[in-house]
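Undergrad: Residue numbers (our numbering), protein chains in the order written: chain X, 1 to 375; chain Z, 1001 to 1326.
No lab work stands behind these hints: they were computed from the structure.
Don't take each hint at face value.
Claimed, not checked - Restraint ranges, calculated between C-beta atoms of paired labels, are given here: (1) X/Phe-133 / Z/Gln-1070: 24 to 34 Å; (2) Z/Thr-1087 / X/Gly-144: 25 to 35 Å; (3) X/Gly-230 / Z/Lys-1024: 47 to 57 Å; (4) Z/Thr-1056 / X/Phe-121: 44 to 54 Å.
To be verified - Footprint (simulated), chain Z over chain X, 3 or more residues, beta carbon under 8 Å: (5) 132–141; (6) 219–228; (7) 306–314.
Said to hold, decoys possible - To spell it out: a stretch of chain Z is covered by chain X in this simulated footprint if at least three of its residues, at any positions, have a beta carbon under 8 Å from a beta carbon of chain X; those stretches are: (8) 1109–1120; (9) 1195–1209.
These numbers come from a predicted model, not from an experiment.
Glycine included, every Cβ here is placed at the ideal spot set by N, Cα and C.
Spelled out from the first residue to the last, the chains are:
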Amino acid sequence: MSGFLKWLAGLPPLAQIPLVLLAFIAVAGLLIFFIEIAPRSGRRYTVIRVLVCVLAPLGIFFAVGSIWWAAIAAAVLGALFFVLDYRSKQGAGYLFQLVGFLSPAVLLLLIGLVYPTIATFFKAFMNGRGTRFVGFDNFAYVFGQEANRVAILNTVLWVLVVPALSTIAGLAYAVFVDKARGEKVLKALVFMPMAISFVGASIIWKFVYDANAADQPQIGLLNGIIQFFGGTPVDFINIAPWNNLFLMVILIWVQTGFAMVVLSAAIKGVPAEQMEAAQLDGTNAWQRFTNVTVPGIRSSLIVVLTTISIASLKVFDIVQTMTGGANGTNVLANAVYAQKLEEGRASAFAVILFILVLPIIIYNVRQIRLQKEIR
Amino acid sequence: MSAVAPIDLPIDKSTERQLKRGEKAAERTGLRKSKDKLTSRPATIAAILIAVLWTTPTLGLLITSFRPPQEINTSGWWSIFQNPGFTLSNYEAVLNGEATTVTLSQAFINSIVITIPASIFPLVIAALAAYAFAWIPFKGRNILFIGVFALQVVPIQMALVPLLSLFSRGLNIGGVEVFNGLGAGGNSYGQIWIAHTIFALPLAIFLLHNFISEIPHELIEAARVDGAGHGQTFFRIVLPLAMPAIASFAIFQFLWVWNDLLVALVFADGAVGPITKVLREITGNRGQDWYLLTSGAFVAMIVPLIVFFALQRFFVRGLLAGSTKG
Chain X
1 MSGFLKWLAG LPPLAQIPLV LLAFIAVAGL LIFFIEIAPR SGRRYTVIRV
51 LVCVLAPLGI FFAVGSIWWA AIAAAVLGAL FFVLDYRSKQ GAGYLFQLVG
101 FLSPAVLLLL IGLVYPTIAT FFKAFMNGRG TRFVGFDNFA YVFGQEANRV
151 AILNTVLWVL VVPALSTIAG LAYAVFVDKA RGEKVLKALV FMPMAISFVG
201 ASIIWKFVYD ANAADQPQIG LLNGIIQFFG GTPVDFINIA PWNNLFLMVI
251 LIWVQTGFAM VVLSAAIKGV PAEQMEAAQL DGTNAWQRFT NVTVPGIRSS
301 LIVVLTTISI ASLKVFDIVQ TMTGGANGTN VLANAVYAQK LEEGRASAFA
351 VILFILVLPI IIYNVRQIRL QKEIR
Chain Z
1001 MSAVAPIDLP IDKSTERQLK RGEKAAERTG LRKSKDKLTS RPATIAAILI
1051 AVLWTTPTLG LLITSFRPPQ EINTSGWWSI FQNPGFTLSN YEAVLNGEAT
1101 TVTLSQAFIN SIVITIPASI FPLVIAALAA YAFAWIPFKG RNILFIGVFA
1151 LQVVPIQMAL VPLLSLFSRG LNIGGVEVFN GLGAGGNSYG QIWIAHTIFA
1201 LPLAIFLLHN FISEIPHELI EAARVDGAGH GQTFFRIVLP LAMPAIASFA
1251 IFQFLWVWND LLVALVFADG AVGPITKVLR EITGNRGQDW YLLTSGAFVA
1301 MIVPLIVFFA LQRFFVRGLL AGSTKG
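Bound-form chain Z, shown alone (with noise of 0.2 Å):
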């Protein structure tokens, strides 16, 4: 599915509690000077070996996009003291690109189209399931949040193919016509939205069920005491409380939707396709390349960055939140 994934599986109360006491620790060590901190030195050598050796891949993308083409190819990046040589004309070329469909300035405006909408939408319609979940009593109403939260493992494979026809061909049953097809031809981002919007549905319904469902009875009766219907109940309290949870839903669902290959494959035809899609492209088309692959890398890779390294607390906060609820 994507590179970030909260947990999203069902935990025990202790490991809850664990995981709960555990990240709390971590910020505290963030603020606190580590003086009082049990500090080894093999420990710190062997983190910062395999830190090094994480990070090298991506650094050498870094430093080759900057390199002019012809000591790109006749010299290794980690040779860049004895040839050195800087520019910025990569980028230029893979911006304006003609190797692929749409240029790959076009294509980051379309991954910015397609992921705002694609990440409030599902949002907005999963907190009305999780409050339905969480505080209107109803028969059958564990089967039917299993069933949701089954739905998440299920493979969007096999989704695909049903959900491309019914979106351009309608739906029929027994000759009636129940569903005409989106119609919209295929320069339309609704397509991709709408499948992005459903696919996402299933766990943000249970991360956010998760947290609505810890706020405490006595805020929800008071509120209908003071003669506010669910309406107001869910406008006025329940959607402020529950706002550190939607923040870090909204981040993964994102960079989730920002780093989406299949789904742009099989949804965004054309002129709307993502940036994804035609990095996906050039390493096809011009797979030796690497001016234009380390650039068009790069300029992919520099949004879903800022995000992380901007938000990162929410980030991590967001990735334990199936398990610690807020």
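If we strip away everything but chain X, and leave its shape as in the complex, we get (with noise of 0.2 Å):
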């Protein structure tokens, strides 16, 4: 594959997307065709699968460019993999087919996440190239260092605003736009963010606060507005901790069209009705919001609320670009990738960062469970 890749690197990008796309669905398809060849009964299919499960395993240690041994380890495992497939209870085939359809994404998944995760758990009680066992050295200087512990409180503030602001933000847009004219047009304004990397938007926010010396005439538009009615410009970026609130701003400017959306439908979801009889009992409108709507959407404002913050939690393209996470604004994402050359540290931060997203992980799972056990 390394061959391939730098085969691939040697001619002008453009071509190479054809030629990569041909090779994979040409991999994808040639999987798909075994799969479907695997139950058939006779000598010829029994001896094409003899061969991939010996061969397969046996390209793969090749491809990925290991030594001869465990290239024939691979190729016993695949011999072992026929006979139990072929003696399988479920009939012969069934195991292959199984192993065809999931192992490209497990084992992906087992390489880039899994393995990666468990071993950053190792790294953070290690020095910084990963040499020598330090205990708990990497936690005590995230804890022990003002700046660190600025990035952490920092963290846990941005989940505590963003998701309650957009959330409020994208609720009262969706109540007004629901009973506005032009409606379509009104959410794709307010939507629109959305589609904007955070680097771009970060761009846009940056010139909004812009600041110009009191005498220069402004060209960011706050200040632009607060020379208007005679005041002094303000540095919007770099005056701890209000900095921080602006930064926000921008992440709360992206997630309302979200909130926006998901609880558009929701509230168009609860039915006319309700809302009829309460009209009835001679509620006026801010009742029927708090009485009807609210309560209706009340699990859609779960899903907003939990999604948000999970986005908060990572936010890092918008601290990265604004500030660099310089005057006080730095957030755990931020952290560890600012520290990537000292592995231990990054690895303590991308840890706690872990154990604050852990609940939310936790929570969704049992949701999960429960609605599996449901079917």
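With the hints as a guide, dock the two chains, each given alone in a separate frame, to form the complex.
TA: Set out below in structure tokens:
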């Protein structure tokens, strides 16, 4: 595979797209073909099955460039797998099919997510180059430095502020737009920031926050307004601790659209009879909103809050582009990147971030298990 | 993670029905003349005010990107009528910019080369896995599926450092070389394709499984009775039926990869850096050169905005995909 990638890298960039896609589709097609013929009986198919079971692991080991006897081990495993498959209770070819469907995804996830996540846990207790066990030194470093404590505190602040404010803004807009003319266009305008990258959004807002000296003309919109009313310009992204709030505004600006779309669908899904009944009881609009609409969309509200919480915990691009984490705006996700040469410390930051996400994972796994039991 | 993420959480049946009903209602209002819709003037005004507030920052950027540099630095964009001026030179300057390791036009091509394969790979692999989770019974299926689902919440920061060293140095367990690294050198897109594919898999499997498991049982049974194996069932029945879900996930993955900064910073070295990485570089080096920043940001935004406006309906559907299952 490294040979193929090397050869590919020598070609002009745009020519690489069709070639790599063709190679990928050829491999995937071959896989589906073998899955299809796996359960068929007859000597010819048995021979093909044996060949694939032995050659596929061999091929994988050659592709990743391992040494000879590892390849022999792969051949033995392949043969063993064939025998197991041939004698499996669900019929010959069953295991073959199952492995064919699942192994690409499972292998990639093991290599790219499971193994690295476990490795990060170990690295958090090793020195910078991963050669020596240092106990809790890295965590002592993280919690011992004022700047790092600020990063942790900021991450917690992001999770508290951003989901709440963007959900409120999204809910308010969803309610207004439900009764407004030109609903589609109005929705698209607020929804649009979701298509823009965080880097792009950061530049947009950096320009809004831009500040010049007091006697100069202002080109940032906010300071332009301040100057118009005769105030002194504010350097929004450098005044700690308020600059954190101004960075959060960017994520709120992006996520409000998401909250709006989901909550708008939920509001339209509340049965009209309930609304009419409340209206007949003589309630005003605000009472209907708090007593009928909000309870009616409660679970959608939780989904929106949870989704935005996860996004806020992982916020990186905005901080990296706006300040690089300077002036007391650092967050955990950025600290992991900033410390990437000191692997031990970077891993310690990542582990703390993981611990903050853990409650959300546990909650959702419990939810999905409940669902699986119902089905 | 990303600016755009579909709902990827388990949702109970009644909420699912509610969202689906609401989504249908929303699509109807677009078709019908809104005469019979109850509109109210205060609500319309409030909605327009918020929409203007939300759009102004982007508008300011767009206007500024077409103004001559000296005008940009001496007057606000809102005074465009008092200080008129129009130029395309900002775009020229940023596309051939010498301020960065690669020019912005090269980075634009890099973004395309990274994004297209990195959107297709995870979809195919995830569709295969989703089919197995939905239609091939095996021991431990639920546990494995829940494990895959849990992985999507794990911050990718957890995986970055070890995965990078895996790509460049390989893996040795007890002196035995299991994997000797990609070794494709700095100008290969290989690393970033694979990294994006891996990070997209948990969400893709979860969403596609939701959809594929809802395909009527009779259809799958009928195919099997007619002698189709799992390979044919997947290719001839499931793939065509799952196309709407695949399409809407493809849009999200496309936008996600195009807009990504973190994975690009770690895995795309030097000459293969995508547009977000180069923009970040300009912000760092030339933070006050607004003529470069505004035009550069707009070049980066144009592709996702076209995708967004052209495919808005799929976009909204995809957003609710985790909950409404097609």
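Undergrad: Verify this for me: three or more residues of the segment 219–228 of chain X with a beta carbon less than 8 Å from a beta carbon of chain Z.
TA: Check passed, 4 qualifying residues.
Undergrad: Could one say that the CB atoms of X/Gly-230 and Z/Lys-1024 fall in the range 47 to 57 Å?
TA: 52 Å, holds
Undergrad: With a C-beta cutoff of 8 Å, work out whether three or more residues of the segment 306–314 of chain X approach chain Z closely enough for the coverage to hold.
TA: Answer holds; 6 residues pass the 8 Å Cβ test.
Undergrad: CB of Z/Thr-1056 to CB of X/Phe-121, is that within 44 to 54 Å?
TA: Because 46 Å falls inside the window, the suggested range holds.
Undergrad: If you check the beta carbons of X/Phe-133 and Z/Gln-1070, does the distance land in 24 to 34 Å?
TA: Roughly 60 Å apart at Cβ, these two residues miss the hinted range, so it is violated.
Undergrad: Taking 8 Å as the C-beta cutoff, is the stated coverage of the segment 1195–1209 of chain Z by chain X satisfied by three or more residues?
TA: holds (count 7)
Undergrad: Do three or more residues from the segment 1109–1120 of chain Z put their C-beta atoms closer than 8 Å to C-beta atoms of chain X?
TA: Per the Cβ count (7), the hint holds.
Undergrad: Closer than 8 Å, Cβ to Cβ, for at least three residues: run that test on the segment 132–141 of chain X against chain Z and report holds or violated.
TA: Per the Cβ count (0), the hint is violated.
Undergrad: Per the hint of 25 to 35 Å, is the separation of the Cβ atoms of Z/Thr-1087 and X/Gly-144 within bounds?
TA: With Cβ atoms ~53 Å apart, the hint is violated.
In this structure, the hints that do not hold are numbers 1, 2, 5, in rising order.
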